[in-house]
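Protein chains: 2
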Amino acid sequence: MYHNNYIHEMLSKNKVKFIISLQKKKTRDEENLFVIEGDKLVKEFLSAKKNVRLLAAKPEFLNSIPAELLSLAEEIETISYEELKHISTLKTPHNALAVVEKPEPVSDYDEILDQLSVLLDCVQDPGNLGTIIRAAAWFGIKTIVCSNDSVDVYNPKVIQASMGAFMHVNVCYNDLKEFLGETLKRNLPVFGTVLNGESIYDHKLDYKGVILLGNESKGISEELVPYITDKIIIPGPGESRPGIESLNVSMAASIVFSEFYRRSK
Amino acid sequence: MYHNNYIHEMLSKNKVKFIISLQKKKTRDEENLFVIEGDKLVKEFLSAKKNVRLLAAKPEFLNSIPAELLSLAEEIETISYEELKHISTLKTPHNALAVVEKPEPVSDYDEILDQLSVLLDCVQDPGNLGTIIRAAAWFGIKTIVCSNDSVDVYNPKVIQASMGAFMHVNVCYNDLKEFLGETLKRNLPVFGTVLNGESIYDHKLDYKGVILLGNESKGISEELVPYITDKIIIPGPGESRPGIESLNVSMAASIVFSEFYRRSK
Chain A
0 MYHNNYIHEM LSKNKVKFII SLQKKKTRDE ENLFVIEGDK LVKEFLSAKK NVRLLAAKPE
60 FLNSIPAELL SLAEEIETIS YEELKHISTL KTPHNALAVV EKPEPVSDYD EILDQLSVLL
120 DCVQDPGNLG TIIRAAAWFG IKTIVCSNDS VDVYNPKVIQ ASMGAFMHVN VCYNDLKEFL
180 GETLKRNLPV FGTVLNGESI YDHKLDYKGV ILLGNESKGI SEELVPYITD KIIIPGPGES
240 RPGIESLNVS MAASIVFSEF YRRSK
Chain B
0 MYHNNYIHEM LSKNKVKFII SLQKKKTRDE ENLFVIEGDK LVKEFLSAKK NVRLLAAKPE
60 FLNSIPAELL SLAEEIETIS YEELKHISTL KTPHNALAVV EKPEPVSDYD EILDQLSVLL
120 DCVQDPGNLG TIIRAAAWFG IKTIVCSNDS VDVYNPKVIQ ASMGAFMHVN VCYNDLKEFL
180 GETLKRNLPV FGTVLNGESI YDHKLDYKGV ILLGNESKGI SEELVPYITD KIIIPGPGES
240 RPGIESLNVS MAASIVFSEF YRRSK
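Protein chains in written order, with numbering that gives the first Met the number 0: chain A, 0 to 264; chain B, 0 to 264.
Calculated from the structure, these hints are not laboratory results. Among these hints, one or two may not hold up.
[Claimed, not checked] Calculated pairs, SDA-like style, for lysine to any residue (alpha carbon to alpha carbon, straight line, at most 20 Å):
| no. | chain 1 | residue 1 | chain 2 | residue 2 |
| --- | --- | --- | --- | --- |
| 1 | B | Lys156 | A | Asp148 |
| 2 | B | Lys90 | A | Glu67 |
| 3 | A | Lys264 | B | Lys156 |
| 4 | A | Lys90 | B | Leu89 |
| 5 | A | Lys141 | B | Gly218 |
| 6 | B | Lys203 | A | Arg261 |
| 7 | A | Lys39 | A | Glu67 |
| 8 | B | Lys230 | A | Val15 |
| 9 | B | Lys156 | A | Gln123 |
| 10 | B | Lys264 | A | Arg262 |
| 11 | A | Lys90 | B | Lys141 |
| 12 | A | Lys39 | B | Lys23 |
| 13 | A | Lys264 | B | Pro236 |
| 14 | B | Lys264 | A | Pro58 |
| 15 | B | Lys90 | B | Lys141 |
| 16 | A | Lys90 | B | Pro104 |
| 17 | B | Lys39 | A | Gly218 |
| 18 | B | Lys203 | A | Arg262 |
| 19 | B | Lys264 | A | Pro234 |
| 20 | A | Lys39 | B | Gly218 |
| 21 | B | Lys217 | A | Thr91 |
| 22 | A | Lys264 | B | Gly196 |
| 23 | B | Lys156 | A | Lys42 |
| 24 | A | Lys141 | A | Thr91 |
| 25 | A | Lys42 | B | Ser216 |
| 26 | A | Lys90 | B | Asp124 |
| 27 | B | Lys90 | A | Asp124 |
| 28 | A | Lys264 | B | Gly126 |
| 29 | A | Lys264 | B | Lys90 |
| 30 | A | Lys156 | B | Lys184 |
| 31 | B | Lys90 | A | Asn154 |
| 32 | B | Lys156 | A | Pro125 |
| 33 | B | Lys90 | A | Asp201 |
| 34 | B | Lys90 | A | Pro125 |
| 35 | A | Lys264 | B | Asp201 |
| 36 | B | Lys156 | A | Gly218 |
| 37 | B | Lys141 | A | Pro234 |
| 38 | A | Lys156 | B | Lys230 |
| 39 | A | Lys141 | B | Pro236 |
| 40 | B | Lys90 | A | Pro104 |
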């Protein structure tokens, strides 16, 4: 059993309202908070000693967690399935959700450019960003720099799609022109997937510099193309057939990261 | 301008009802029909001379299509934005949708096993199946055999996610145990992604046999594992870190297909 004098019996209307308001980017930015959902993710957050401002969970969940982990949450509220369903962005809510603090992103050029990083130019779909974060974490890529017009990493759908991997990847937002300028100043390669590129299987790949990936339908913006030093493509026999437009950006990212990783070994 | 005496001015209530009923697998199976949405996809279907039973589109769309293409549709109806919104499974409908005939899938063992094919064991998420079809088309894989409990390829979300690629891939449903038995009888390899596999970068890959991919959360079913002759994994430094569970099945598929393709060249 959990025995914490700060466990409240019911979520107040104001708190419900507050948690729901965090579905909006504006509120997330103002409060520097976001919401995570799911038993596993919440447990991982507590275990990683990240700042959990409010934990709202069903009694079953609270009973299943060691007291020393629970004590890391600033505030705990029990919540019913109906309340969870009301607050959750998921069709089928889990047993727990938490309001947590945004980590301070690393945005120092030298630190980021010390290893291979990924740049996303106006990626719009939350599922794609989540999947790209998951692939980056798998292949040990530490930083993703998104253009300022990309989807917010703390969008609930991004968090959901990344399946906890966002805890292991530094995602920051920046002016990509400026960032690419800094990359070139340091004589580092900029790999970009463009139509007239060389096969990624044949092209020389370094495990340093940046991989630039473009928007879902428009690709890499025209103003960023001149910064690319290494034009690459993922070749395939489907390339030239009508109806097989392209790989989507998260599939392309997975394949590119895998190929960089393979070649680095 | 389009001049077809079979263009009706408004979609009847019965037809609206019929199109919506095709959102259900049961109706799609009974009628042997499914719905495609989107200007580009409908145009490609007409251009490929596939059987279009009913084309429902805004006048702008009909005006933009050559008459000889339009004449390939058995029936054409003009439709308003409001009607489209009502019928469509998309939040923002396109200008055209069509009721089309399901192609006859190739399910002959010899024909399928004549080249590298993909087997999906209980893939449930329509977005995943759509993405896997897209990746298969890109890398020239001709057939995907789904277990009978996999999501239906004619589910509107699968069609949407595959972005027209489903026109180029033979997707059939079968008992995978039986299919794998036939594969082994022909002395062909069965590649399966499992935890204790050998790195896909190092393992010998043939561009023949089958690639077996498992369910989103449960992986490959226990009863199918004994059929795997070649156990492979996609290695990554993220493997052993908490919170980085795995790559999802469509990312894994993209990477595996890419690696098979690279090694076949």
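Results of checking the hints against the structure:
For the given pair, Lys156 of chain B sits about 27 Å from Asp148 of chain A by alpha-carbon distance, which is inconsistent with the 20 Å threshold. For the hint pairing Lys90 of chain B with Glu67 of chain A, the CA-to-CA distance comes to about 45 Å; that exceeds 20 Å, so the pair is violated. The hinted pair formed by Lys264 of chain A and Lys156 of chain B fails the criterion: a straight-line CA distance of about 38 Å is larger than 20 Å. With a CA separation close to 18 Å, the supplied pair Lys90 of chain A and Leu89 of chain B stays within the 20 Å bound.
The hinted pair formed by Lys141 of chain A and Gly218 of chain B fails the criterion: a straight-line CA distance of about 27 Å is larger than 20 Å. Pair hint Lys203 of chain B plus Arg261 of chain A holds up; C-alpha atoms about 15 Å apart against a cutoff of 20 Å. Between the alpha carbons of Lys39 of chain A and Glu67 of chain A the distance comes to roughly 17 Å, so the proposed pair stays at or under 20 Å and holds. Taking the CA atoms of Lys230 of chain B and Val15 of chain A, the gap is about 48 Å. The hint is violated against a cut of 20 Å.
Note on Lys156 of chain B and Gln123 of chain A: the hinted pairing holds, with a Cα-Cα distance of about 19 Å set against a maximum of 20 Å. A distance of roughly 17 Å separates the Cα atoms of Lys264 of chain B and Arg262 of chain A; the hinted pair therefore holds under the 20 Å criterion. Our distance criterion of 20 Å between C-alpha atoms is broken by Lys90 of chain A and Lys141 of chain B, whose separation comes to about 35 Å. A hinted pair counts as satisfied when its Cα atoms are at most 20 Å apart, and Lys39 of chain A with Lys23 of chain B does not qualify at roughly 33 Å.
Distance hint between Lys264 of chain A and Pro236 of chain B is fulfilled; the C-alpha atoms sit about 11 Å from each other, no more than 20 Å. A threshold of 20 Å between alpha carbons decides the hint, and for Lys264 of chain B with Pro58 of chain A the separation of about 57 Å lies outside it, so the pair is violated. Between Lys90 of chain B and Lys141 of chain B, the direct Cα distance comes to roughly 32 Å. Violation of the 20 Å bound is thereby established for this hinted pair. For the suggested pair Lys90 of chain A and Pro104 of chain B, the alpha carbons sit about 34 Å apart, so the restraint of at most 20 Å is broken.
Distance hint between Lys39 of chain B and Gly218 of chain A is fulfilled; the C-alpha atoms sit about 18 Å from each other, no more than 20 Å. Between the alpha carbons of Lys203 of chain B and Arg262 of chain A the distance comes to roughly 17 Å, so the proposed pair stays at or under 20 Å and holds. The hinted pair formed by Lys264 of chain B and Pro234 of chain A meets the criterion: a straight-line CA distance of about 11 Å does not exceed 20 Å. For a cut-off of 20 Å, the pair hint linking Lys39 of chain A to Gly218 of chain B stands: about 18 Å separates their Cα positions.
A hinted pair counts as satisfied when its Cα atoms are at most 20 Å apart, and Lys217 of chain B with Thr91 of chain A qualifies at roughly 19 Å. Distance check on the hinted pair: Lys264 of chain A and Gly196 of chain B sit about 18 Å apart at the alpha-carbon level, within 20 Å; holds. Pair hint Lys156 of chain B plus Lys42 of chain A does not hold up; C-alpha atoms about 32 Å apart against a cutoff of 20 Å. Among the hinted pairs, Lys141 of chain A with Thr91 of chain A is inconsistent with the structure: their alpha-carbon atoms are about 32 Å apart, more than 20 Å.
At most 20 Å may separate the alpha-carbon atoms for a hinted pair to count; Lys42 of chain A and Ser216 of chain B meet this at roughly 19 Å. For the suggested pair Lys90 of chain A and Asp124 of chain B, the alpha carbons sit about 14 Å apart, so the restraint of at most 20 Å is met. This hinted pair checks out: Lys90 of chain B and Asp124 of chain A have alpha carbons roughly 14 Å apart, not beyond 20 Å. Restraint check for Lys264 of chain A and Gly126 of chain B: not satisfied, since their Cα atoms lie roughly 32 Å apart, outside the 20 Å limit.
With a CA separation close to 45 Å, the supplied pair Lys264 of chain A and Lys90 of chain B exceeds the 20 Å bound. In summary, the hint linking Lys156 of chain A to Lys184 of chain B is not supported, as the alpha carbons are separated by about 45 Å, beyond the 20 Å threshold. Taking the CA atoms of Lys90 of chain B and Asn154 of chain A, the gap is about 19 Å. The hint holds against a cut of 20 Å. Using a Cα cut-off of 20 Å, the hinted pair Lys156 of chain B and Pro125 of chain A holds, with the two alpha carbons roughly 17 Å apart.
For the hint pairing Lys90 of chain B with Asp201 of chain A, the CA-to-CA distance comes to about 42 Å; that exceeds 20 Å, so the pair is violated. For a cut-off of 20 Å, the pair hint linking Lys90 of chain B to Pro125 of chain A stands: about 16 Å separates their Cα positions. A distance of roughly 11 Å separates the Cα atoms of Lys264 of chain A and Asp201 of chain B; the hinted pair therefore holds under the 20 Å criterion. With a C-alpha separation of about 23 Å, the suggested pairing of Lys156 of chain B with Gly218 of chain A is violated against the 20 Å cut-off.
About 17 Å separates the Cα atoms of Lys141 of chain B and Pro234 of chain A, which keeps this hinted pair within 20 Å; it holds. For the suggested pair Lys156 of chain A and Lys230 of chain B, the alpha carbons sit about 33 Å apart, so the restraint of at most 20 Å is broken. For the given pair, Lys141 of chain A sits about 11 Å from Pro236 of chain B by alpha-carbon distance, which is consistent with the 20 Å threshold. With a C-alpha separation of about 34 Å, the suggested pair Lys90 of chain B and Pro104 of chain A falls outside the 20 Å cut-off, and the hint is violated.
The structure shown violates the earlier hints numbered 1, 2, 3, 5, 8, 11, 12, 14, 15, 16, 23, 24, 28, 29, 30, 33, 36, 38, 40.
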